[in-house]
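Protein chains: 2
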Amino acid sequence: MDYPSKVLAKAVEEISGLPGIGKKTALRLALHLLKQPNSRATGLGTSIISLVNEIQYCRECHNFSDYEICEICSNEKRSDELICIVEDVRDVIAIENTGKYRGKYLILGGKISPMDGVGPHQLNIPSIEKKLQQGLAKEFIFALSATMEGDTTAYYIYKKFKNSGIQFSSIARGISVGDELEYADEISLGRSIINRLPYNEKD
Amino acid sequence: MDYPSKVLAKAVEEISGLPGIGKKTALRLALHLLKQPNSRATGLGTSIISLVNEIQYCRECHNFSDYEICEICSNEKRSDELICIVEDVRDVIAIENTGKYRGKYLILGGKISPMDGVGPHQLNIPSIEKKLQQGLAKEFIFALSATMEGDTTAYYIYKKFKNSGIQFSSIARGISVGDELEYADEISLGRSIINRLPYNEKD
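Which chain is which? The protein sequence lines are A and B, in order. The opening residue of the first sequence carries number 1 in UniProt numbering; numbering runs sequentially from there. The opening residue of the second sequence carries number 1 in UniProt numbering; numbering runs sequentially from there.
Since the hints were made in silico from the structure, they are not lab data. A few of these clues could be false.
Because identical chains cannot be distinguished in the list, a pair is counted as satisfied if it fits within a single copy or across any two copies.
Claimed, not checked - DSSO-like mimics (lysine-lysine), calculated; alpha carbons at most 30 Å apart, straight line:
hint : residue 1 : residue 2
1    : K10       : K24
2    : K23       : K130
3    : K23       : K10
4    : K6        : K100
5    : K159      : K138
6    : K160      : K35
7    : K138      : K23
8    : K100      : K10
9    : K160      : K24
10   : K35       : K23
11   : K10       : K35
12   : K23       : K77
13   : K159      : K35
14   : K160      : K23
15   : K24       : K77
16   : K6        : K162
17   : K24       : K35
18   : K100      : K23
19   : K6        : K35
20   : K6        : K159
21   : K130      : K6
22   : K23       : K159
Working from the sequences, and respecting the hints, build out all of it.
Given below as structure tokens:
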């Protein structure tokens, strides 16, 4: 595709490098920005540049942070006894949005996936050892994807640390709220029968 | 949604201001940029900022350009007798990609659409008068959307300038290459019968 201007071509090329955005969408976005006041695009451009230059990773949990220790890890109201092990920051945001968890997190930075060339050494597993050495944690909760890769990762970590005296748990799997049994997959339905819970009228 | 970092929150907010991009996609894009080398995001941010600050509009056709007169308008090999009237720069790119047009363009900057509050005064219609005064153009070709708004715009321009001695034409409407008649809409099929062409074995 030939663009009438080199700066437009450059912007389209850069925008279309983002995942899920092709040349046509990139052009549409660039034209949209050109129709807005200049401050809009300047704000967008500046915020993208400061994102990568200013963001830090929390030393404790590997979450993104504006400081050396993130707001969750430095929050004294949150329990140090529970550590929720997740794949990435989106999972932290999702769990925080439920408002049901008052412990801390540990972000692995991915899951073991030989197909994608990700082994245990690419993950933040040494931080689990660090948590164990600190001696405050009592329970590690696996909140990983319900996929083969997620299960493999949980099993790897469990096997490595099962003799350290710490308790391991996994978030409940089962039928989601609003699901009809008829359409639920067999594995989820099977697991939800095996892991049935005492009936509680308050749920 | 609560983000673990203010720079991340700011970037997500700015990215999700783009059309068709919600908060979740914006977060996914921001996390993608954080996984790339910093130069990637810096390049993207810089190109967006220079896009709006450096781009110019061609004085003649209102196309985007790096100069006062765009490469198409200043190309002496292209005919000044044909002026193709289009809505925006994407149409110019689409027509240029066909390689079938050697005239010049005039970008209206939209189409008459009372529903969206766009009237003739928001469009580059004075530039049509300027082209008429220059006296080089012999034919105006309407290449507008095949919609009510596109037709209204063409009709408005035609009515305003029909006594100026210039010839008006419209790009052909009909059945697209690869279309099956069975699934073609009635209006297109009807028009393609009325505007049938002499059979040409070279087509």
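For each hint, the structure was consulted:
{"no.": "1", "hint": "K10 / K24", "verdict": "both (14 Å within a copy, 26 Å between copies)"}
{"no.": "2", "hint": "K23 / K130", "verdict": "neither (45 Å within a copy, 34 Å between copies)"}
{"no.": "3", "hint": "K23 / K10", "verdict": "both (11 Å within a copy, 25 Å between copies)"}
{"no.": "4", "hint": "K6 / K100", "verdict": "between (51 Å within a copy, 23 Å between copies)"}
{"no.": "5", "hint": "K159 / K138", "verdict": "within (17 Å within a copy, 81 Å between copies)"}
{"no.": "6", "hint": "K160 / K35", "verdict": "between (56 Å within a copy, 27 Å between copies)"}
{"no.": "7", "hint": "K138 / K23", "verdict": "neither (50 Å within a copy, 35 Å between copies)"}
{"no.": "8", "hint": "K100 / K10", "verdict": "between (46 Å within a copy, 26 Å between copies)"}
{"no.": "9", "hint": "K160 / K24", "verdict": "neither (48 Å within a copy, 34 Å between copies)"}
{"no.": "10", "hint": "K35 / K23", "verdict": "both (18 Å within a copy, 22 Å between copies)"}
{"no.": "11", "hint": "K10 / K35", "verdict": "both (18 Å within a copy, 22 Å between copies)"}
{"no.": "12", "hint": "K23 / K77", "verdict": "between (48 Å within a copy, 29 Å between copies)"}
{"no.": "13", "hint": "K159 / K35", "verdict": "between (57 Å within a copy, 29 Å between copies)"}
{"no.": "14", "hint": "K160 / K23", "verdict": "neither (46 Å within a copy, 37 Å between copies)"}
{"no.": "15", "hint": "K24 / K77", "verdict": "between (49 Å within a copy, 29 Å between copies)"}
{"no.": "16", "hint": "K6 / K162", "verdict": "neither (59 Å within a copy, 37 Å between copies)"}
{"no.": "17", "hint": "K24 / K35", "verdict": "both (17 Å within a copy, 24 Å between copies)"}
{"no.": "18", "hint": "K100 / K23", "verdict": "between (42 Å within a copy, 22 Å between copies)"}
{"no.": "19", "hint": "K6 / K35", "verdict": "both (18 Å within a copy, 28 Å between copies)"}
{"no.": "20", "hint": "K6 / K159", "verdict": "neither (56 Å within a copy, 37 Å between copies)"}
{"no.": "21", "hint": "K130 / K6", "verdict": "between (51 Å within a copy, 27 Å between copies)"}
{"no.": "22", "hint": "K23 / K159", "verdict": "neither (46 Å within a copy, 37 Å between copies)"}
The structure fails to meet hints 2, 7, 9, 14, 16, 20, 22 from the earlier list, while all remaining hints are met.
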